[in-house]
Amino acid sequence: MKLLPLYLCLLPLMAAAQSVAEYPALVPDRQAVNPEQWVDSVLIGDHGLPGPEDEEESAAERRYSRLAEEDYREVAEELGVEVAAIKAVVDIEAGAAHQGFWAPGKPIINFDLSMYRRAAKKYGVNLAKAQKSSPVIFARPNIRRYGSQQAAQQARLDAARAINDAAAVEGTFWGMFQIGGFNWKKLGFSSPAEMAEAMSRSEREQLEIFARFICEFNMLKDLRNKNWLGFALKYNGPRARSRGYHTRMAKAYARHSR
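All letters in the sequence shown, in the order written, are residues 415 to 672 by the working numbering.
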């Protein structure tokens, strides 16, 4: 699918967007290392992303390469924000690697068990039966078995999708901006699966979904004005202040503004 043009988010209709509280961005996974965080940034360095020393990418892999400056600039211009402001958000959500994929076609994810349980109930999944047939879903990510944090999270997601695709997608935070799958309808997708497919295409598509997200949930003004506390409270939830997300974004912005 093609997302709606970004300029539409500049229209007064933005004021009619539903409250973020109706679609809570953060539902803590009780088994996560950092509860109430969109992505496990402590372990993000161990997600299996290739480093600069790796061999030259194949044609297929280049599709998932890092965003070019031109990508940041084009989307920033459409939103009326600074490139450094967008990169500040990436610093917090994707970590120093600034990448949206841990392997070709595999976006960075955070499978949130609490969020999944809620979605599974909505879709009529028998959780007791699921726990017996697919215990990997409910266990802590097994890095030793799967080799990396992201591979372990992927195993949980794959098992959950095999039971009920929609519930699994809604219970996961996706891509370099860690946007919850439960936002699929507000972001203009026809199904949770379509959102997951879009997140799996390219970092550029992840960037455009992020742009749509901050417009839809009334965060654009905060990002334009570098109101880091206001932005973080909407994007990361009520504990953003105590966790210092706003001060970290401000510092990241200062670094990228040099």
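It is possible that some hints are incorrect.
Stated by the list, open to error - Simulated pairs of lysine-lysine, DSBU-like, Cα-Cα distance not exceeding 30 Å:
(1) K600 - K520
(2) K536 - K599
(3) K520 - K543
(4) K640 - K599
(5) K640 - K536
Treat the hints as calculated values from the structure; they're not laboratory data. Since we're looking at a predicted model, the values are computed, not measured.
Hints, verified against the model:
1. Pair hint K600 plus K520 holds up; C-alpha atoms about 23 Å apart against a cutoff of 30 Å.
2. Taking the CA atoms of K536 and K599, the gap is about 15 Å. The hint holds against a cut of 30 Å.
3. At roughly 28 Å between alpha-carbon atoms, K520 and K543 fall within 30 Å of each other, so this suggested pair holds.
4. For the given pair, K640 sits about 28 Å from K599 by alpha-carbon distance, which is consistent with the 30 Å threshold.
5. Distance check on the hinted pair: K640 and K536 sit about 37 Å apart at the alpha-carbon level, beyond 30 Å; violated.
In this structure, only the earlier hint numbered 5 is contradicted, and the remaining ones agree with it.
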